[in-house]
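2 protein chains.
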Amino acid sequence: MSELKIGLFGLGVVGSGFVKVISRAINANAGIKKICVKDLGKERDIELPEGLLTDNPADILDDPEINLIVEVINDADAAFVIVSEALKRGIPVVSGSKAMVANHLPELIELQRKYDTALLYDASSCGSIPVIRNLEEYYDNDLLLEVKGILNGSSNYILSRVFDHNQSYEDALKTAIELGFAESDPSFDIEGFDSLFKLIIITVHALGAYVKPSEIFTYGISHISDFDINYAREKSVKIKLVAQVVKISDSEFTMFVMPEFVSRNKYIYSVDDEYNGVVIRGECYDRQFMFGKGAGSLPTASSILSDVMARLHGYRYEYKKMGYKGRPSYSTEPVLKVYVRYRNTPVTELLPFITIQQRFLSDDVNYVIGEIKLSDLIKGREILAAPDVFIVNIPTFFVHLDN
Amino acid sequence: MSELKIGLFGLGVVGSGFVKVISRAINANAGIKKICVKDLGKERDIELPEGLLTDNPADILDDPEINLIVEVINDADAAFVIVSEALKRGIPVVSGSKAMVANHLPELIELQRKYDTALLYDASSCGSIPVIRNLEEYYDNDLLLEVKGILNGSSNYILSRVFDHNQSYEDALKTAIELGFAESDPSFDIEGFDSLFKLIIITVHALGAYVKPSEIFTYGISHISDFDINYAREKSVKIKLVAQVVKISDSEFTMFVMPEFVSRNKYIYSVDDEYNGVVIRGECYDRQFMFGKGAGSLPTASSILSDVMARLHGYRYEYKKMGYKGRPSYSTEPVLKVYVRYRNTPVTELLPFITIQQRFLSDDVNYVIGEIKLSDLIKGREILAAPDVFIVNIPTFFVHLDN
Numbered sequence: 001m002s003e004l005k006i007g008l009f010g011l012g013v014v015g016s017g018f019v020k021v022i023s024r025a026i027n028a029n030a031g032i033k034k035i036c037v038k039d040l041g042k043e044r045d046i047e048l049p050e051g052l053l054t055d056n057p058a059d060i061l062d063d064p065e066i067n068l069i070v071e072v073i074n075d076a077d078a079a080f081v082i083v084s085e086a087l088k089r090g091i092p093v094v095s096g097s098k099a100m101v102a103n104h105l106p107e108l109i110e111l112q113r114k115y116d117t118a119l120l121y122d123a124s125s126c127g128s129i130p131v132i133r134n135l136e137e138y139y140d141n142d143l144l145l146e147v148k149g150i151l152n153g154s155s156n157y158i159l160s161r162v163f164d165h166n167q168s169y170e171d172a173l174k175t176a177i178e179l180g181f182a183e184s185d186p187s188f189d190i191e192g193f194d195s196l197f198k199l200i201i202i203t204v205h206a207l208g209a210y211v212k213p214s215e216i217f218t219y220g221i222s223h224i225s226d227f228d229i230n231y232a233r234e235k236s237v238k239i240k241l242v243a244q245v246v247k248i249s250d251s252e253f254t255m256f257v258m259p260e261f262v263s264r265n266k267y268i269y270s271v272d273d274e275y276n277g278v279v280i281r282g283e284c285y286d287r288q289f290m291f292g293k294g295a296g297s298l299p300t301a302s303s304i305l306s307d308v309m310a311r312l313h314g315y316r317y318e319y320k321k322m323g324y325k326g327r328p329s330y331s332t333e334p335v336l337k338v339y340v341r342y343r344n345t346p347v348t349e350l351l352p353f354i355t356i357q358q359r360f361l362s363d364d365v366n367y368v369i370g371e372i373k374l375s376d377l378i379k380g381r382e383i384l385a386a387p388d389v390f391i392v393n394i395p396t397f398f399v400h401l402d403n
Numbered sequence: 001m002s003e004l005k006i007g008l009f010g011l012g013v014v015g016s017g018f019v020k021v022i023s024r025a026i027n028a029n030a031g032i033k034k035i036c037v038k039d040l041g042k043e044r045d046i047e048l049p050e051g052l053l054t055d056n057p058a059d060i061l062d063d064p065e066i067n068l069i070v071e072v073i074n075d076a077d078a079a080f081v082i083v084s085e086a087l088k089r090g091i092p093v094v095s096g097s098k099a100m101v102a103n104h105l106p107e108l109i110e111l112q113r114k115y116d117t118a119l120l121y122d123a124s125s126c127g128s129i130p131v132i133r134n135l136e137e138y139y140d141n142d143l144l145l146e147v148k149g150i151l152n153g154s155s156n157y158i159l160s161r162v163f164d165h166n167q168s169y170e171d172a173l174k175t176a177i178e179l180g181f182a183e184s185d186p187s188f189d190i191e192g193f194d195s196l197f198k199l200i201i202i203t204v205h206a207l208g209a210y211v212k213p214s215e216i217f218t219y220g221i222s223h224i225s226d227f228d229i230n231y232a233r234e235k236s237v238k239i240k241l242v243a244q245v246v247k248i249s250d251s252e253f254t255m256f257v258m259p260e261f262v263s264r265n266k267y268i269y270s271v272d273d274e275y276n277g278v279v280i281r282g283e284c285y286d287r288q289f290m291f292g293k294g295a296g297s298l299p300t301a302s303s304i305l306s307d308v309m310a311r312l313h314g315y316r317y318e319y320k321k322m323g324y325k326g327r328p329s330y331s332t333e334p335v336l337k338v339y340v341r342y343r344n345t346p347v348t349e350l351l352p353f354i355t356i357q358q359r360f361l362s363d364d365v366n367y368v369i370g371e372i373k374l375s376d377l378i379k380g381r382e383i384l385a386a387p388d389v390f391i392v393n394i395p396t397f398f399v400h401l402d403n
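Residue numbers (the working numbering), protein chains in the order written: chain A, 1 to 403; chain B, 1 to 403.
A hint or two may mislead.
Because identical chains cannot be distinguished in the list, a pair is counted as satisfied if it fits within a single copy or across any two copies.
With a Cα cut of at most 27 Å, we get these calculated DSS-like pairs of lysine-lysine [claimed, not checked]: (1) Lys212 - Lys325; (2) Lys174 - Lys20; (3) Lys114 - Lys212.
Source of the hints: derived by calculation from the structure; they are not laboratory data. Remember, predicted model here, so these are calculated numbers, not experimental data.
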């Protein structure tokens with residue numbers, strides 16, 4: 001492709017960032033031909049040439065001159081309609097919609113194959129950190145063992161305020177919303193779904209396996225209490241919301257999103273505020289740590305720009321690992337060591353702990369530390385969703401394998 | 001390329017690591033057909049099939065079945081002969097020889113163009129950290145402003161022992177040699193040349209500009225004294241050997257390797273021991289930090305493997321940035337703020353400081369803190385090489401631009 005004529009869907013935080021970024025990229029050989037927005041009448045603090053905006057998707061999809069679509073809208077269902085329609089017409093797409101990609105990846109891969117076109121989405125995972133591209137291209141061998149990290153800036157910002165600035169969780173959440181680090185309905189971030197969707201995408205490019213969101217244990221930070229915070233402080237650890245995918249043997253891997261006690265000697269301990277950090281671990285090369293701004297208008301837009309420029313050279317994901325020999329399969333059999341704090345919910349009766357190593361009982365709060373199968377955590381989701389319960393992973397990790 | 005038949009030059013630390021790594025990479029579709037070594041009689045603690053070894057380069061270069069050469073020998077001149085001969089015959093090469101690449105890059109680029117073949121060398125810079133590939137492919141736009149990092153594991157190990165473990169410089173150097181982190185002649189590492197060669201390669205892929213080693217200010221850590229160490233401790237900073245390339249305007253960049261006072265709030269402050277860490281800074285995405293094992297047998301070999309597998313898909317560096325509009329040119333005009341410690345050498349008379357802000361004089365040691373042009377540091381190399389002198393960069397950086 002010698003010149004990119006871009007049709008842009010979405011002019012929100014990321015979309016308007018992309019308009020700015022592309023204007024600085026003099027060597028990109030790319031320009032925006034049309035921008036499709038939901039509300040033409042909305043006031044915008046960005047200057048645009050006359051006639052660039054439309055509210056009719058067909059103005060982009062039907063334009064034979066447009067040879068790349070950038071999709072950065074918030075509505076995952078609408079995004080899927082647009083992206084699949086574009087792929088069916090053979091128009092390559094760069095997308096930043098993690099929920100859309102994570103929920104529809106098998107179909108999107110099939111559409112790319114069938115219509116011989118490309119969908120790139122590095123911006124969907126960890127903003128400006130090039131994690132997808134590196135997993136796909138650089139860590140494309142059999143040495144990869146684990147990808148683990150802090151993938152959600154909003155929840156991390158809140159936990160940083162709590163642990164580094166002694167704010168209460170409620171105050172920290174309020175600050176995050178005020179500063180725009182969290183949405184006014186922050187549940188997508190703080191309940192772990194944003195991290196989950198990124199983890200699903202990462203796992204496809206890390207191990208060549210797609211696992212549906214509903215099959216993965218996902219637990220957020222909204223139930224955290226002062227008791228948990230003080231407990232962590234006493235042990236000189238921080239609680240962070242961690243997403244991880246780990247090979248547990250040559251033939252199996254597991255994955256989950258949950259709060260974790262992170263000790264000072266871990267790379268992710270120092271990932272604070274709205275930043276993201278990813279540790280890639282492999283045989284031979286040990287641990288690689290990548291750190292950067294995981295969200296925000298310009299960082300995400302600069303990641304979109306990297307994908308756009310990759311299209312100048314015809315780049316596409318090959319999903320090579322999906323065809324690899326000895327591809328590992330998903331398992332929820334591993335045993336985790338966890339801290340479960342509760343008040344009235346009788347968690348030790350309701351959850352099938354294998355062993356309980358510590359038990360703290362008091363008038364107003366209790367906790368246990370014990371070992372339990374990941375599959376039993378998935379089955380026990382509703383119990384763990386009770387408002388008086390909070391669970392934290394203690395990463396001695398995969399007890400039956402380590403011992 | 002459907003199957004890689006590899007001719008390997010060198011079976012030292014990295015070469016034997018590569019033999020191990022490739023045997024674990026079941027999806028690489030690659031095998032070693034021949035290994036060329038200098039000394040066939042040398043005892044090796046690695047098991048190899050009969051007939052794999054040769055000491056005749058022609059056994060590899062003349063073999064029409066061999067479609068990839070991996071070159072990991074220590075002798076930079078011999079490496080250049082082998083690599084250029086291979087490229088002339090149209091055989092792609094993966095190399096780990098930073099001195100060879102840094103010294104000959106313009107010729108090597110020309111050879112790749114003329115004979116339409118590829119040379120990959122990600123392993124030459126920062127071992128297992130994929131810095132070259134990311135600069136070439138992901139940060140291939142106009143946003144990049146700076147690449148700065150700790151690129152040499154040996155000198156960093158020594159400085160870590162000094163600053164984190166209170167060892168003397170001499171003891172730390174001895175430990176480093178004993179543990180194999182530094183060569184028995186460690187000057188390549190501790191005088192900054194290893195960092196310099198990596199920085200030169202990085203700059204080609206960061207900004208599309210090649211600068212000769214002799215034109216770049218390079219100053220190592222061998223003159224560091226207890227006085228300097230204590231001075232840094234009192235200021236709560238560490239001294240680290242830092243390599244950096246920085247755009248100072250839209251049209252100019254500068255680069256150098258020298259010790260720097262690094263404060264606790266910098267990412268590279270926590271890069272300790274034999275690790276490497278690289279900060280990539282750009283407009284819009286701010287700072288990306290990549291951290292990992294920068295050297296050693298298996299980490300470097302795993303980086304070689306990434307390049308080898310990239311050849312399965314025909315990957316080559318395009319050196320796109322060398323053709324970019326508005327490519328910046330190299331300048332040594334920036335003014336640096338430096339600490340210069342000395343005893344008898346009259347550095348303030350011999351070096352044309354623009355201003356001197358602090359002056360400490362005593363019976364047995366003196367220092368000044370002042371501003372000086374980078375070009376005057378280059379001219380003053382011999383003065384700074386006096387055994388009683390040590391210079392450290394104070395990164396308020398580019399005084400005339402910041403103020």
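Each hint, compared with the structure:
1. Within a single copy, lysine 212 and lysine 325 get their C-alpha atoms as close as 22 Å, which meets the 27 Å cut-off; across copies the closest is 45 Å, which misses it.
2. In the homo-oligomer, the alpha carbons of lysine 174 and lysine 20 never lie at most 27 Å apart, since the shortest distance is 29 Å inside one protomer and 53 Å across protomers.
3. Taking the shortest alpha-carbon separations for lysine 114 and lysine 212, only the intra-copy value of 22 Å comes in at or below 27 Å, while the best inter-copy value is 49 Å.
In summary, the one numbered hint that this structure violates is 2.
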